[in-house]
Amino acid sequence: MAKKSKKSTLSLFIIMAALVFGVLTVILPMVTNFASSFFSYTVAGKLLEGTIATYKGTDVFFGTKTDSGDQLLIGSTLGLIGFILSIAGSLSLLLGAVLACLKKGKLAKLLSLIGGLCLLVAGIFMFVAPNNFVSSNLDEILASGSKYAKEAISGKMEAGAILGGIFGIVGGLGGFAGAIVK
Numbered sequence: 142m143a144k145k146s147k148k149s150t151l152s153l154f155i156i157m158a159a160l161v162f163g164v165l166t167v168i169l170p171m172v173t174n175f176a177s178s179f180f181s182y183t184v185a186g187k188l189l190e191g192t193i194a195t196y197k198g199t200d201v202f203f204g205t206k207t208d209s210g211d212q213l214l215i216g217s218t219l220g221l222i223g224f225i226l227s228i229a230g231s232l233s234l235l236l237g238a239v240l241a242c243l244k245k246g247k248l249a250k251l252l253s254l255i256g257g258l259c260l261l262v263a264g265i266f267m268f269v270a271p272n273n274f275v276s277s278n279l280d281e282i283l284a285s286g287s288k289y290a291k292e293a294i295s296g297k298m299e300a301g302a303i304l305g306g307i308f309g310i311v312g313g314l315g316g317f318a319g320a321i322v323k
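According to my numbering, the sequence shown is numbered sequentially starting from 142.
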């Protein structure tokens with residue numbers, strides 16, 4: 142009698158875990174307005190001109206107007222690319238998980254690898270986006286009457302950016318692991 146070969150479902154579980162981290166990477170910049178901020182301006186340890194200048198992830202990625210409404214702050218190009226890559230990576234992992242359930246192993250592993258790469262790059266870009274946002278908008282901040290020196294103004298990553306970056310990198314590594322595990 143021929144033995145039935147059992148297929149390991151470990152790869153599917155790893156891909157699903159990576160998918161959860163990928164979805165968190167997509168959702169976190171959207172909801173950081175409620176729990177905490179994604180990013181804030183700091184000036185030599187103090188908040189900019191005594192006001193709270195915090196931004197949620199969508200402000201950093203797509204741009205926003207200032208509180209007074211007179212200036213448009215440009216979004217971070219790297220942040221936007223990272224956001225798009227996190228969506229693409231999550232969709233790739235979702236499709237890879239569906240194909241793994243349908244026993245299409247090689248294609249599922251390829252999609253898991255692609256999704257892992259997208260999420261890894263997206264996680265790195267989540268860490269880079271706040272400083273890119275500062276450098277893109279520094280002249281607008283100084284033109285609005287800031288009394289601080291250009292060198293004193295910097296960006297500070299808040300919980301949203303840090304968790305988004307960590308979840309993206311962990312999801313990316315999970316995507317790689319899902320492609321490697323038999």
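Just so you know, the hints here were simulated from the structure itself, not pulled from any lab data.
We put the beta carbon where it would ideally sit given N, CA and C, even for glycine.
Incorrect hints may have been included.
In silico SDA-like links for lysine to any residue, alpha-carbon gap of 20 Å or less [to be verified]:
{"#": "1", "residue 1": "Lys245", "residue 2": "Leu235"}
{"#": "2", "residue 1": "Lys323", "residue 2": "Leu304"}
{"#": "3", "residue 1": "Lys247", "residue 2": "Leu258"}
Label pairs and their in silico Cβ distance ranges [unchecked claim]:
{"#": "4", "residue 1": "Val172", "residue 2": "Ile225", "range": "30 to 36 Å"}
{"#": "5", "residue 1": "Cys242", "residue 2": "Ile215", "range": "18 to 24 Å"}
{"#": "6", "residue 1": "Asn272", "residue 2": "Ile321", "range": "28 to 34 Å"}
{"#": "7", "residue 1": "Leu243", "residue 2": "Ile222", "range": "27 to 33 Å"}
{"#": "8", "residue 1": "Lys247", "residue 2": "Val172", "range": "48 to 54 Å"}
{"#": "9", "residue 1": "Leu213", "residue 2": "Lys247", "range": "27 to 33 Å"}
{"#": "10", "residue 1": "Met171", "residue 2": "Lys206", "range": "37 to 43 Å"}
{"#": "11", "residue 1": "Leu151", "residue 2": "Ile215", "range": "26 to 32 Å"}
{"#": "12", "residue 1": "Ile225", "residue 2": "Val161", "range": "15 to 21 Å"}
Consistency of the hints with the structure:
| no. | hint | in the structure |
| --- | --- | --- |
| 1 | Lys245 x Leu235 | holds (14 Å) |
| 2 | Lys323 x Leu304 | violated (30 Å) |
| 3 | Lys247 x Leu258 | holds (17 Å) |
| 4 | Val172 x Ile225: 30 to 36 Å | violated (18 Å) |
| 5 | Cys242 x Ile215: 18 to 24 Å | violated (43 Å) |
| 6 | Asn272 x Ile321: 28 to 34 Å | holds (33 Å) |
| 7 | Leu243 x Ile222: 27 to 33 Å | holds (31 Å) |
| 8 | Lys247 x Val172: 48 to 54 Å | violated (36 Å) |
| 9 | Leu213 x Lys247: 27 to 33 Å | violated (48 Å) |
| 10 | Met171 x Lys206: 37 to 43 Å | violated (18 Å) |
| 11 | Leu151 x Ile215: 26 to 32 Å | violated (45 Å) |
| 12 | Ile225 x Val161: 15 to 21 Å | holds (20 Å) |
Hints 2, 4, 5, 8, 9, 10 and 11, counting from the list given before, are not met by this structure.
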